[in-house]
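Line order of the protein sequences matches chains A and B. Quick note on the working numbering: the first sequence kicks off at 1 and runs consecutively. Quick note on the working numbering: the second sequence kicks off at 159 and runs consecutively.
Note that these hints are calculated values from the structure, not bench results. Honestly, I wouldn't trust all of these hints.
[Stated by the list, open to error] Here are the simulated DSSO-like pairs of lysine-lysine, each with C-alpha atoms no more than 30 Å apart in a straight line: (1) B:Lys-297 - B:Lys-165; (2) B:Lys-201 - B:Lys-267; (3) B:Lys-267 - B:Lys-349; (4) B:Lys-165 - B:Lys-278; (5) B:Lys-349 - A:Lys-104; (6) B:Lys-181 - B:Lys-349; (7) A:Lys-104 - B:Lys-278; (8) B:Lys-297 - A:Lys-104; (9) B:Lys-165 - A:Lys-104; (10) A:Lys-104 - B:Lys-181; (11) B:Lys-201 - B:Lys-349; (12) B:Lys-201 - B:Lys-165.
[What the hints assert, rightly or not] Beta-carbon label-pair distances, calculated as ranges: (13) A:Gln-121 - B:Asp-273: 33 to 41 Å; (14) A:Gly-96 - B:Gln-194: 37 to 45 Å; (15) B:Thr-270 - A:Gly-124: 47 to 55 Å; (16) A:Gly-13 - B:Tyr-228: 22 to 30 Å; (17) B:Thr-200 - A:His-52: 30 to 38 Å; (18) A:Gln-39 - B:Ser-203: 20 to 28 Å; (19) B:Ser-203 - A:Asp-81: 36 to 44 Å; (20) B:Ser-203 - A:Ala-36: 18 to 26 Å.
[Unchecked claim] Covered, in the sense of this in silico footprint (three residues per stretch, anywhere, with C-beta under 8 Å from a C-beta of chain A), are these stretches of chain B: (21) 172 to 183; (22) 216 to 225; (23) 266 to 278; (24) 296 to 302; (25) 327 to 336; (26) 340 to 348.
Because the structure is a prediction, the values reported are computed rather than measured. Just so it is clear, CB atoms sit at the ideal spot from N, CA and C, and this is done for glycine as well.
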Amino acid sequence: MTLFDTTILSKSGLTPDSRLAAATSSRANIFNMSQAAEQAVLRPEDCGAFGHDLRAALAARVAHHAGEHALADHYATAAGDKAALADPGAYDAGLGHVLTFVDKIANQTRDVAAEDISGLQAAGVSDADVVRLCELVAFLAYQVRVIAGLRLMQGTAG
Amino acid sequence: MSRVIHKFTRNVPGWQPRVTPVKLDEATPEQLAALQVTPSNTKVSDYVLTLAHDVESLAVRSPLFNAIMYDPGGMSRAERELGALAASMVNRCIYCAAVHADRHAQLEKDTTVTDELFAKGENADLTARDRAIFDFARKSAEAPPAAGPADMDALRNAGLSDEEILDLILSAALFGWANRLMHVLGDPVRKGNGA
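Isolated chain A, as found in the complex (with noise of 0.2 Å):
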């Protein structure tokens, strides 16, 4: 993969031949990690309770809320019969802790508090998948602004 397909410059629209192909190459080494990192939380080899489908499904549904719907698309592609679940407004009762958790901190980040936590553990979500759902999300705040910020740089925000 070269730079310029990684998920974070191809989403916010960059090129060889942008204006911004000098800034960014000098920072290649972040942007090469940051698709490492992206490698870590959508298709990990221990993915604990959390399969591949379904973590593709949460990173569209994050990035849906932050309103990357391109972004989205890309990672809904890859969410197999867990793919309903990237509509914002979508709810499914066996996972309905998860969503509600994962909605929360993606979207009301501040107001996240210990009952939030001891919720999930009490629904039998183990401290590892506690992290590993945290991750995800967190990462997908990162890379949604990222992606906004580079798209307002170039001027075609909005």
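Using the hints provided, position chain B relative to the given structure of chain A.
Just chain B, lined up with the frame of chain A:
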């Protein structure tokens, strides 16, 4: 619970996990490698031991974090700290805000900016350059991200280069990530007896 801190401060608090961290003597070889534990370095914080539950993420996040905050060139380290602080204030990550306000004050050898920000929030009296940096990072941290063309114009009008703006985008966004770990997975607590 009375030890939990709810107000912004530059005094770096303790951090009490809400989940059980990985126990160092039970860590896998992969976890030990990501924790960078060696015979001469066996001190690992509860925060990093908590993140070791997802060792694949931890292993890639640590070098990425260091590159965004410390690699040479582009934006000054103090201004990257200001971006980190703005995001941490939006997300009310008391611990992150303390660490990065303290670093900003140390790098600048001046507490004026962080005193102003903790006293007055977004109404703080800042230089035009700090104002543009703080506002861009603060709006970027909102959910959904709310920075717009006027905020980008303000950065350029304040004299920031493309390289500096890119570093600001990265450092503010990085704290969208860090805040969602530190503020979600634990509580900032008063240090001292019983800590």
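Cβ separation of Gln-39 of chain A and Ser-203 of chain B, checked against the hinted range 20 to 28 Å: About 26 Å separates the Cβ atoms of Gln-39 of chain A and Ser-203 of chain B, which means 20 to 28 Å holds.
Outcome, coverage hint (the region 266 to 278 of chain B, chain A; C-beta under 8 Å; three residues): violated (count 0)
CB-CB spacing for Ala-36 of chain A and Ser-203 of chain B relative to the 18 to 26 Å hint: 23 Å, holds
Restraint status (C-alpha distance of Lys-104 of chain A to Lys-278 of chain B at most 30 Å): 27 Å, holds
Asp-273 of chain B and Gln-121 of chain A - C-beta distance against the hinted 33 to 41 Å: 39 Å, holds
Restraint status (C-alpha distance of Lys-165 of chain B to Lys-104 of chain A at most 30 Å): Roughly 21 Å separates the two Cα atoms, so the pair holds.
Beta-carbon spacing of Thr-270 of chain B to Gly-124 of chain A - inside the hinted bounds 47 to 55 Å or not: Taking Cβ atoms as reference, Thr-270 of chain B and Gly-124 of chain A lie about 50 Å apart, which means the hint holds.
30 Å Cα cutoff - pair Lys-297 of chain B, Lys-104 of chain A: This hinted pair holds, its Cα atoms lying about 18 Å apart.
8 Å C-beta test of the region 340 to 348 of chain B against chain A, three or more residues: Contact hint for the region 340 to 348 of chain B vs chain A: holds, 4 residues under 8 Å.
Straight-line alpha-carbon gap Lys-297 of chain B to Lys-165 of chain B, limit 30 Å: With Cα atoms ~21 Å apart, Lys-297 of chain B and Lys-165 of chain B stay inside 30 Å; holds.
Distance restraint between Lys-349 of chain B and Lys-104 of chain A, which requires alpha-carbon spacing of 30 Å or less: 29 Å, holds
Within 8 Å of chain A's CB atoms, at least three CB atoms from the region 216 to 225 of chain B: coverage verdict: Holds: 6 residues of the region 216 to 225 of chain B have a Cβ under 8 Å from chain A.
Hint 23 from the list above is the single one not met by this structure.
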